[in-house]
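J.: Work the whole structure out from these sequences, hints included.
The sequence shown begins at 0 in numbering that gives the first Met the number 0 and counts up by one.
Hints in this document: simulated from the structure, not taken from any laboratory. On a predicted model such as this, the values are computed, not experimentally measured, just so you know. All C-beta atoms in this analysis are idealised placements derived from N, C-alpha and C, irrespective of residue type, glycine included. It is possible that some hints are incorrect.
DSS-like mimics (lysine-lysine), calculated; alpha carbons at most 30 Å apart, straight line [what the hints assert, rightly or not]:
id: 1; residue 1: 181; residue 2: 196
id: 2; residue 1: 359; residue 2: 554
id: 3; residue 1: 69; residue 2: 141
id: 4; residue 1: 561; residue 2: 551
id: 5; residue 1: 196; residue 2: 68
DEER-style ranges, computed between Cβ atoms [claimed, not checked]:
id: 6; residue 1: 272; residue 2: 231; range: 19 to 29 Å
id: 7; residue 1: 13; residue 2: 394; range: 52 to 62 Å
id: 8; residue 1: 659; residue 2: 543; range: 41 to 51 Å
id: 9; residue 1: 231; residue 2: 54; range: 14 to 24 Å
id: 10; residue 1: 164; residue 2: 280; range: 14 to 24 Å
id: 11; residue 1: 313; residue 2: 172; range: 50 to 60 Å
id: 12; residue 1: 231; residue 2: 310; range: 46 to 56 Å
id: 13; residue 1: 145; residue 2: 698; range: 34 to 44 Å
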Amino acid sequence: MNTRKKTYFTKLITSYSLLLVIVLILGIVFHFILSNNVKQELLNENMISLQNVTEQFNECYANIYLISKKMANNSSLSRLAEADHGEQAFYYNAYITKQTLLDMYSIYDYSLQPIQTYYIHLRHTDYVISYNNFENLYYFYKNTQKLDPAKYDEWKAALESSDNYNHFLPLDNFSTDYTSHKNDYCYTVSLQNYTFKNINADIVFELNADSMQQIADSIDVMRNGCLIIQESNGETLLTFNNNENLLSKIDSSQLAALDYNAQGYCSTVFQGTSVSVLHASAQTPNLDYYLIIPASSLKNPENKLLLVSLFIIFLGVIGSFFIIVLLSRANYKPYQAMEYRLQEMNFNHEELMRLNESQKITLRNYYFDQLIHGTILSEEEAAYAQNYLSIPNNTDSFAILYCNVYLDTLELNNGPQGIINILSPDYADVISDILSSYFTHSYIMQGQRNSTYTILLYNREELDNAENLFAQIHSSLLQEYNIWIYGGLGCTTSAISTIWKSYRQSKEAVKHVVSPNYLCLYCEILECQDSFFYPNEVAEQLYNFVKSGNFKQTKAIFNFIKDENFKKRKLNSKQVNWLLENIEITLLKVVRDNDISYDDSSLAGLSEDSTLENYEQIALELCEKNKQPENDNQLIVRIQTYIDEHYGDPSLCLSRISDLFHISESYFSFLFKKTVGVNFSTYLEQVRMTQAKHLLETTNIKITDLYVAVGYNNLTSFRRAFKKKYGVAPNAIRE
Numbered sequence: 000m001n002t003r004k005k006t007y008f009t010k011l012i013t014s015y016s017l018l019l020v021i022v023l024i025l026g027i028v029f030h031f032i033l034s035n036n037v038k039q040e041l042l043n044e045n046m047i048s049l050q051n052v053t054e055q056f057n058e059c060y061a062n063i064y065l066i067s068k069k070m071a072n073n074s075s076l077s078r079l080a081e082a083d084h085g086e087q088a089f090y091y092n093a094y095i096t097k098q099t100l101l102d103m104y105s106i107y108d109y110s111l112q113p114i115q116t117y118y119i120h121l122r123h124t125d126y127v128i129s130y131n132n133f134e135n136l137y138y139f140y141k142n143t144q145k146l147d148p149a150k151y152d153e154w155k156a157a158l159e160s161s162d163n164y165n166h167f168l169p170l171d172n173f174s175t176d177y178t179s180h181k182n183d184y185c186y187t188v189s190l191q192n193y194t195f196k197n198i199n200a201d202i203v204f205e206l207n208a209d210s211m212q213q214i215a216d217s218i219d220v221m222r223n224g225c226l227i228i229q230e231s232n233g234e235t236l237l238t239f240n241n242n243e244n245l246l247s248k249i250d251s252s253q254l255a256a257l258d259y260n261a262q263g264y265c266s267t268v269f270q271g272t273s274v275s276v277l278h279a280s281a282q283t284p285n286l287d288y289y290l291i292i293p294a295s296s297l298k299n300p301e302n303k304l305l306l307v308s309l310f311i312i313f314l315g316v317i318g319s320f321f322i323i324v325l326l327s328r329a330n331y332k333p334y335q336a337m338e339y340r341l342q343e344m345n346f347n348h349e350e351l352m353r354l355n356e357s358q359k360i361t362l363r364n365y366y367f368d369q370l371i372h373g374t375i376l377s378e379e380e381a382a383y384a385q386n387y388l389s390i391p392n393n394t395d396s397f398a399i400l401y402c403n404v405y406l407d408t409l410e411l412n413n414g415p416q417g418i419i420n421i422l423s424p425d426y427a428d429v430i431s432d433i434l435s436s437y438f439t440h441s442y443i444m445q446g447q448r449n450s451t452y453t454i455l456l457y458n459r460e461e462l463d464n465a466e467n468l469f470a471q472i473h474s475s476l477l478q479e480y481n482i483w484i485y486g487g488l489g490c491t492t493s494a495i496s497t498i499w500k501s502y503r504q505s506k507e508a509v510k511h512v513v514s515p516n517y518l519c520l521y522c523e524i525l526e527c528q529d530s531f532f533y534p535n536e537v538a539e540q541l542y543n544f545v546k547s548g549n550f551k552q553t554k555a556i557f558n559f560i561k562d563e564n565f566k567k568r569k570l571n572s573k574q575v576n577w578l579l580e581n582i583e584i585t586l587l588k589v590v591r592d593n594d595i596s597y598d599d600s601s602l603a604g605l606s607e608d609s610t611l612e613n614y615e616q617i618a619l620e621l622c623e624k625n626k627q628p629e630n631d632n633q634l635i636v637r638i639q640t641y642i643d644e645h646y647g648d649p650s651l652c653l654s655r656i657s658d659l660f661h662i663s664e665s666y667f668s669f670l671f672k673k674t675v676g677v678n679f680s681t682y683l684e685q686v687r688m689t690q691a692k693h694l695l696e697t698t699n700i701k702i703t704d705l706y707v708a709v710g711y712n713n714l715t716s717f718r719r720a721f722k723k724k725y726g727v728a729p730n731a732i733r734e
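T.: Okay, here's the thing in structure tokens:
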């Protein structure tokens, strides 16, 4: 049998494991799709960044082109380039040219970054002219540029070489410790290329390397990659690098020959390192921009979406596993119960067929029903019914135990009579069997709705031990079948003909069951009398609270008195009167000690019919008389603070505030408007609208949740108030 049960449970686990496999497959597919989407999104973002970098460099080249063209067509510069040193025309044209450069510099000052400055080299005279300089090339090199004098000839040769035109010449090779711009580049342009005239001069632009690096670093993945700028012939002009190891492996001569897709992406391998290459080109000048990033940067394990997907897969697998276990156990338990019931039913069927018990049980229930409802009038008929129920003739003690059962662990709220739950026949049989296993010498009848059981106790041992047996039944049903059972036990009678009294008592007793108890004895209902609860400590506390005007504590102590005297005790009318007299003495002491007129205290209006609630109301009135006076402004400030903290409470209203702060509605309304300048409802709406706008601007809260968070009961009212306040719908704030 055990082997068969284990096999069945294993089959359940195996069948439900298909759910785990499906969840795992879906999770892997989801993660794969998400990984590709994240990779593609990252490539798209960096392609946009690369195009932005291309545009910024194009702007720089465009400015170089405009300045060079304008100066190439400047007549004064043309004359200056041909004039000899010392001639009057030389200095005159130098003045005019310098003025032109100054005007141009002021125009392009903010748009030339990373261009730091530019100057014109006059080849004929070896002079340099800029918007703020006009001097010999050597002195310009030594004094203005503060470059190494020993390398002047090398620098001049590089500057005048046509091979270096339109190339970036690093100044670091010629710098000294005093050179502040050692990281800059010189970019030489021959003015002859921009005019048909013969002009013997070059314009030299100084570009800030840090600014150029900053432009390159605006690309997200540049922290792990390289940016290479090449001419159309494949010659590398500039390299921006944040990964020396990667740069050392790249063969820049192969970049132009790679197979790029329509979006400008390409994946390749350089010396064993997988990389992704992004390509963008510019027409003026004709340059190619290549962003090389390691493939590992596109598989960033810190990507939040990928972490979320892995977390979801993990939760799905764990959740599926628990569901499989729960489903297997849930389906295995009924299987056990069903197997047990099948065996019992087969056995009972054989017995019933042999003894013909089916009709007998029906007759037994009929006679039992007649007995408990008092419809059997003669002693002879009662004796016959007793004999038919197989109850010994010498039995002299009878009692009824009436039970209610509830599935799904329903909780009691002031008694179970308000809860009706119809159980299935299978569960009903299980309950009947368990009841029979404990009350072996009692007669048990199941109710028509399968949720009630009436048990006739006539065995002396079971009668004396009824409470313990019922406790075991309650524990067994709750732990094994998740079924709660509650009962009421009637008083014992000496004759079966009067068992109807015990039946009615048991039904009355079950109504008095209160959680956490599960059995009520009718005799306890009658015998549960006690003295009233009002010790000197409580009287002294009540006196102090009322005398000091402590409204909240006074209400609390009255609730305490109610619980102790009317929930934990059952007092007769005389004891209730004694309790009220003691409370009245305490309140009279407050009236006397606080010099309050007895006639003004409402105590004079009490009658013999006064209740504890009347005394509580008088105590609260005395609190109002005794409380310390408060400045009106201080009161309104406290109320405003309360509103600011509880604006999300939809029940917040004029009457609620009046009750909380113990002030009449009319006076509160008058005082609030007088102090604040607006009425209460307007102020509350302003606070809620301000908070709503703040939440819209600072959080991602949904509109359907927002109106509840700020205290509105429906979305329509919230939208109307918001539009009235700000002139737009809530959604428009985020747009």
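J.: It remains to establish, for every hint, whether it holds in the given structure.
T.: Consistency of the hints with the structure:
no.	hint	in the structure
1	181 / 196	35 Å, violated
2	359 / 554	63 Å, violated
3	69 / 141	28 Å, holds
4	561 / 551	16 Å, holds
5	196 / 68	12 Å, holds
6	272 / 231: 19 to 29 Å	27 Å, holds
7	13 / 394: 52 to 62 Å	56 Å, holds
8	659 / 543: 41 to 51 Å	23 Å, violated
9	231 / 54: 14 to 24 Å	18 Å, holds
10	164 / 280: 14 to 24 Å	21 Å, holds
11	313 / 172: 50 to 60 Å	57 Å, holds
12	231 / 310: 46 to 56 Å	49 Å, holds
13	145 / 698: 34 to 44 Å	55 Å, violated
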